[in-house]
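A.B. asks: Sequence:
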Amino acid sequence: MSVVGSPPICVFDIGGTWFRSALLLDGNTLQDIRRTPAISFHNNPGLPVRALQASLVDYLASETRRLGGAGGCAAVSMGAALNAHTGFVLNSGPLWGPNCLPFDLPAALAEADSEVQWIVVNDVTAALAYHVAQPCYAKASRLSLVTVSTGIALRTYDRRLEAYPVDRVHGIQGEIGHIPIAFTFRGEAIHLPCDCGGQDHLNAFCSGRGLEALVRHLAAAMPGEAGHLLEDARGSPPVFDAGRFARLATAGDPLALELLSAITLPLAEMILRLFALDPEVEHLILSGGVARGLGQAHYRPLVAHLERLGLYQVTTSDPTFFRKRIVLDETSDDSALLGCGRLATSRLRQTALRPLRSCQTLRVLSTAKAVAYAVHETTAALDPLNDALATLADAPACGVVVIDSQVEQHFGERIRAYFAARGAAPSFLVLHCAEQTKTLQRAEQVVRCLDAAKTRRRTPIIAMGGGVLLDIVGMAASQYRRGTPYVRVPTTLLAMVDAAIGVKVGVNFDGRKSRLGYYYPPTAVLIDRAFLTVLPERHIRNGLAEVLKIALMLDAELVAMLELHGRELIAERFQSSAGAQLMRRATVLMLDQLEPNLWEANLDRVVDFGHSFSPVVEMAAAEELLHGEAVAIDMVLSSTIAWQRGMIGRMVWDRIVSLVAALGLPLTHPCCGPGLLWRGLQETVLHRDGRQRLPMPTAIGQSVFCNDVTFAEVEDACRRVQALQGRHVNS
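Take the position in the sequence shown, starting the count at 1, then add 960; the result is the number in the numbering used here.
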């Protein structure tokens, strides 16, 4: 997926060998990339540290002006140990050598150009941020990256916390390159200095600089055997050429391969400890100039060492454990530039953490509460022999069960009999729920029931109904005693595949849909398709709109299943095995999208397809349209705009429109004039932090985000869709 319309950001990758700069457009396109030799102590041996640091500031400021970034944002990916809270550089041996001095780079940059919003991040964190955003890692709850380049460092990302955990005081993580090691080659101990001034660090042997130092050491100690690893510079001292060494290793030079085996062993021992101490890490990406440049010649001995060392009680039963989890990064070296732009975009939204020049920051507080809730599927949930609901309700202690009036009509007696059979005597509250009743007053009604029942703080509330009821009960639970657990038992298709399985709760306010609310996850969700047997067909179609939404964005095969089986699934209300399979597939797709972004830190969400114009349509026609019907109208309108733009062809557009109609969903509504829809989009822009972020199809199962849709495009799309009125299939 791409993001269209992001503001341009000047991005930099400051490494020990090269400085790179570019302009980042639309969040994912690099323009005007330049590379220049690093202003380092190696390249400028006569300059003192402070002069090197001042030269770095001059370079960044001048490049930002050249890129046209005056008054905008510049993101600096810094090859250094720095305080992630403040950007303060603690040390950079590859740049400034053994006499390195701490440096307040953000303050120096602000002084050099106060009109630019400067953001400084660690380069390894930036590279990891790039990979975190890749679809292939979307399901990894913890992802690590180790870079082997001028230096060596490791970073980990925790997707549940949506954070790169760092020391809360010093703001650092994973500086493994400066851990002392005992290095031997052919049984002989070797001692080498590190760029930082330390002795026998991992960097001193296993980084790019370390490999060069080791080759020189061996060439001096055994010139006859190792001299060929250096290149004769004709009249000058022999030089080490990394590219030439890589070619020798790839060609199978015995000494080059022996050296690579020796320098990957200490790194393998570090990685082994990572997996032993942090077992939730699902993948480790091996990146950096050395790892990429040497490729398989570096990767193979590293993995061989890990397989030989083994991970206790793991690799004996799973010999391919490390091969499956350690991934060689074969992307271009643009990842740090793209990643620091991504981090900068996220950081700009966190205005509360920006440094204030007129204040002294006592401490930056950073904490997160881990969230874990299970989405269960069962059959015959109300059979007293099925203990799932009783267990989740903490029976017999459960205190309050809130039931939608339609559920009460069909299942009320069975619900009461179930709890009685399990030895529970909860209070029951029956609510008539519709979009018009999703109000604070209705949530307060639930709170009064909780008080009357003398509900304890840790006793879960049970909510049984559709999306509106689940929203109301969730809102009440989030407020009662500053948070009381609750269990969702969805009884409509829409709730089962969408509303029940996320963490959002809320109520309408002042004519605005879900204007007040929280992110408040349930303790569990219990899905039983048996509740759908009494659901009117219109409400099955209503839920199918949310299934279609996720299918059109992500899953062409699911779209084909809907085309083939949609009508019969409506008729049999998802009671067949085909219905179970389709519903499970849609639910898992939705969970895959929600889990890495529960708190919506990233507002570019494919699950918002059909939810850009629909909120205002749903409220304007609240007496006539259900939520999914408004979503269907939005999907048709958005797809029509995509067709008008040439993003999809006529056949794809016609297929989308035909499927919406075949499922008995509306294509438009009399209230859907250009003025109302444009006003709705403006509301959405506010909700999405100043940008449209419109998910738009580019093919069946594929999408991009757009931020520049105009009123004229909405007006033209309205006209086209209104011409389709004859294809509308009434529910």
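What the hints contain is simulated information worked out from the structure, not anything from laboratory work.
Keep in mind that a hint or two might mislead.
[What the hints assert, rightly or not] If you anchor each label on the Cβ, the simulated ranges turn out as follows:
no., residue 1, residue 2, range
1, 1661, 1412, 29 to 35 Å
2, 1377, 1496, 43 to 49 Å
3, 986, 1273, 45 to 51 Å
4, 1412, 1672, 51 to 57 Å
5, 1014, 1270, 49 to 55 Å
6, 986, 1184, 52 to 58 Å
7, 1525, 1498, 38 to 44 Å
8, 1672, 1614, 21 to 27 Å
Backbone N, C-alpha and C fix where the C-beta goes; we use that ideal spot for every residue, glycine too.
A.B. asks: Is 38 to 44 Å a correct range for the gap between the Cβ atoms of residue 1525 and residue 1498?
C.D. replies: violated, 19 Å
A.B. asks: Is 51 to 57 Å right for how far apart the beta carbons of residue 1412 and residue 1672 are?
C.D. replies: 56 Å Cβ-Cβ, so the 51 to 57 Å window holds.
A.B. asks: Does 49 to 55 Å hold as the CB distance between residue 1014 and residue 1270, or does it fail?
C.D. replies: holds, 50 Å
A.B. asks: Return holds or violated for the Cβ distance of residue 1661 and residue 1412 against the range 29 to 35 Å.
C.D. replies: violated, 50 Å
A.B. asks: Do the beta carbons of residue 1377 and residue 1496 sit within 43 to 49 Å of each other?
C.D. replies: violated, 25 Å
A.B. asks: Quick check on a hinted range of 45 to 51 Å for residue 986 and residue 1273, using CB atoms only.
C.D. replies: 47 Å Cβ-Cβ, so the 45 to 51 Å window holds.
A.B. asks: With respect to the beta-carbon atoms only, verify the hint that residue 986 and residue 1184 lie 52 to 58 Å apart.
C.D. replies: holds, 57 Å
A.B. asks: Between residue 1672 and residue 1614, does the beta-carbon spacing fit 21 to 27 Å?
C.D. replies: Given range 21 to 27 Å: holds, Cβ gap about 23 Å.
Against the hints set out earlier in the document, violations occur for numbers 1, 2, 7.
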